[in-house]
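Given these sequences and hints, build the entire structure.
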Amino acid sequence: MGALAGVAAGSSVASAGLGILSSVMGGEATQAADQYQAGVLTEKAQIGQAQAVEVNANATMRLNQSLGNIDAVRAASGDSPTSPTTAALRRVTTSNADQNKAIQIGNILSQSEMDVAGANYLKSAGSFALSQSVVAGLAGAAGTIGKTNFSSFGPGGTPASSNPTQIGALY
Amino acid sequence: MLDAQQAAARLPVHAGDPPEVFVEQARLLAWYSEHIGRDVEKIIAQCGSAAEQRVAAAAYLAEIGSNIPDRTIRATVRRLAALKFRTLGVDVQHPIAGQCEDVETWVH
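Chains as they are written, first to last, in the numbering used here: chain A, 1 to 171; chain B, 1001 to 1108.
Don't read these hints as lab results, they were simulated from the structure. Certain hints may be false.
[Unchecked claim] Mimicking SDA-like on lysine to any residue, the simulated pairs with C-alpha atoms at most 25 angstroms apart in a straight line are:
(1) B:Lys1042 with B:Arg1010
(2) B:Lys1042 with B:Asp1091
(3) B:Lys1042 with A:Val134
(4) B:Lys1042 with B:Ser1066
(5) B:Lys1042 with A:Val40
(6) B:Lys1042 with B:Trp1031
(7) B:Lys1042 with B:Pro1018
(8) B:Lys1042 with A:Ala50
(9) B:Lys1042 with A:Gln49
(10) B:Lys1042 with B:Arg1086
(11) A:Lys147 with A:Ser124
(12) A:Lys147 with A:Val134
(13) B:Lys1042 with A:Gly39
(14) B:Lys1042 with A:Thr42
(15) B:Lys1042 with A:Ala142
(16) A:Lys147 with A:Val135
(17) A:Lys147 with A:Ala136
(18) B:Lys1042 with A:Val135
(19) B:Lys1042 with B:Leu1083
(20) B:Lys1042 with A:Ala136
(21) B:Lys1042 with B:Ala1030
(22) B:Lys1042 with A:Gln37
(23) B:Lys1042 with A:Asn58
(24) B:Lys1042 with B:Gly1089
(25) A:Lys147 with A:Gln132
(26) B:Lys1042 with B:Asn1067
(27) B:Lys1042 with A:Asn56
(28) A:Lys147 with A:Gly137
(29) B:Lys1042 with A:Leu41
(30) B:Lys1042 with B:Val1092
(31) B:Lys1042 with A:Arg62
(32) B:Lys1042 with A:Gly137
(33) B:Lys1042 with A:Gln46
(34) B:Lys1042 with A:Ser133
(35) B:Lys1042 with A:Thr60
(36) B:Lys1042 with A:Gln132
(37) B:Lys1042 with A:Ala59
(38) B:Lys1042 with A:Lys147
(39) B:Lys1042 with A:Val53
(40) B:Lys1042 with B:Leu1029
Below, the structure is given as structure tokens:
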């Protein structure tokens, strides 16, 4: 009995040890998976950032040109973009005006995006309709061909004049 | 990144500007729109899952336009980029906090 109890106790301890080991290994696997996922996300963030940096770099010349033109227009209309007086006078209304304009521009851009999406939809719908019409045309032609009495054609066929229901038989 | 003094010294485009200023701004935004559209498609193609797309989009939005000294144009460019992502199904309503200025102007 004592020996059996010892074996049972030993196996119980071993089982507990295996359970702990399994738990630790499971935790390590989860940690490794999380680390991998974090690495993937970091890589993707770097891709996004790199794209934006590239655009920023490419935009420099275009941006300077636009800002130069804006300054020139302002100067022609008597405004100095860096004048403290101008800044003080405009600061009060700038915030509200900017907000309103941002909303308006956003609406215009949203509409533009919707227009593009609509155009793409119509384009694909048009192609679909065209393909459907081709299929319908083929189906109709097949039906007509299927109903044609080929035995009426050629020298061995029934003369058209013997069938009064056939088009042209009476004329 | 944008020089703070450079940005502070410059008045943003505002409602009192002559119409030609807005025409110039629109031209610049059209340039950005074309490039951003290409970038967004490229990013989405390179990111398999929605989580990856969100992370890449947030990083893109945090960086794009950071060299524009005019804060009105900068905010509009970011808004445009966010719109492009949203149009293609990427949820960019929750950008990484603290990484993107002018967030209030393009997040609803």
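Results for each hint:
1. B:Lys1042 with B:Arg1010: Distance of about 33 angstroms is beyond 25 angstroms: violated.
2. B:Lys1042 with B:Asp1091: holds, 16 angstroms
3. B:Lys1042 with A:Val134: violated, 35 angstroms
4. B:Lys1042 with B:Ser1066: Answer holds: Lys1042 (chain B) to Ser1066 (chain B) is near 20 angstroms, not above 25 angstroms.
5. B:Lys1042 with A:Val40: Holds, at roughly 17 angstroms.
6. B:Lys1042 with B:Trp1031: It holds: about 17 angstroms lies between the C-alpha atoms, which stays within 25 angstroms.
7. B:Lys1042 with B:Pro1018: Measuring from Cα to Cα gives roughly 37 angstroms; hence the hint is violated.
8. B:Lys1042 with A:Ala50: Distance of about 12 angstroms is within 25 angstroms: holds.
9. B:Lys1042 with A:Gln49: holds, 12 angstroms
10. B:Lys1042 with B:Arg1086: holds, 15 angstroms
11. A:Lys147 with A:Ser124: Roughly 35 angstroms between the alpha carbons, so the hint for Lys147 (chain A) and Ser124 (chain A) is violated.
12. A:Lys147 with A:Val134: Holds - the C-alpha atoms of Val134 (chain A) and Lys147 (chain A) are around 20 angstroms apart, at most 25 angstroms.
13. B:Lys1042 with A:Gly39: With Cα atoms ~20 angstroms apart, Lys1042 (chain B) and Gly39 (chain A) stay inside 25 angstroms; holds.
14. B:Lys1042 with A:Thr42: holds, 17 angstroms
15. B:Lys1042 with A:Ala142: violated, 46 angstroms
16. A:Lys147 with A:Val135: holds, 18 angstroms
17. A:Lys147 with A:Ala136: holds, 17 angstroms
18. B:Lys1042 with A:Val135: This hinted pair is violated, its Cα atoms lying about 36 angstroms apart.
19. B:Lys1042 with B:Leu1083: holds, 16 angstroms
20. B:Lys1042 with A:Ala136: Roughly 39 angstroms separates the two Cα atoms, so the pair is violated.
21. B:Lys1042 with B:Ala1030: holds, 19 angstroms
22. B:Lys1042 with A:Gln37: holds, 21 angstroms
23. B:Lys1042 with A:Asn58: The hint holds at about 17 angstroms.
24. B:Lys1042 with B:Gly1089: Answer holds: Lys1042 (chain B) to Gly1089 (chain B) is near 14 angstroms, not above 25 angstroms.
25. A:Lys147 with A:Gln132: Holds - the C-alpha atoms of Gln132 (chain A) and Lys147 (chain A) are around 22 angstroms apart, at most 25 angstroms.
26. B:Lys1042 with B:Asn1067: holds, 22 angstroms
27. B:Lys1042 with A:Asn56: Roughly 16 angstroms between the alpha carbons, so the hint for Lys1042 (chain B) and Asn56 (chain A) holds.
28. A:Lys147 with A:Gly137: Given pair Lys147 (chain A), Gly137 (chain A) holds - Cα atoms ~15 angstroms apart, limit 25 angstroms.
29. B:Lys1042 with A:Leu41: Roughly 16 angstroms separates the two Cα atoms, so the pair holds.
30. B:Lys1042 with B:Val1092: holds, 16 angstroms
31. B:Lys1042 with A:Arg62: Given pair Lys1042 (chain B), Arg62 (chain A) holds - Cα atoms ~22 angstroms apart, limit 25 angstroms.
32. B:Lys1042 with A:Gly137: violated, 40 angstroms
33. B:Lys1042 with A:Gln46: holds, 13 angstroms
34. B:Lys1042 with A:Ser133: violated, 35 angstroms
35. B:Lys1042 with A:Thr60: The given pair, whose Cα atoms are some 21 angstroms apart, holds under the 25 angstroms limit.
36. B:Lys1042 with A:Gln132: The given pair, whose Cα atoms are some 33 angstroms apart, is violated under the 25 angstroms limit.
37. B:Lys1042 with A:Ala59: Roughly 18 angstroms separates the two Cα atoms, so the pair holds.
38. B:Lys1042 with A:Lys147: Judged against 25 angstroms, a Cα distance of about 54 angstroms means the pair is violated.
39. B:Lys1042 with A:Val53: holds, 14 angstroms
40. B:Lys1042 with B:Leu1029: holds, 20 angstroms
The earlier numbered hints that this structure contradicts are 1, 3, 7, 11, 15, 18, 20, 32, 34, 36, 38.
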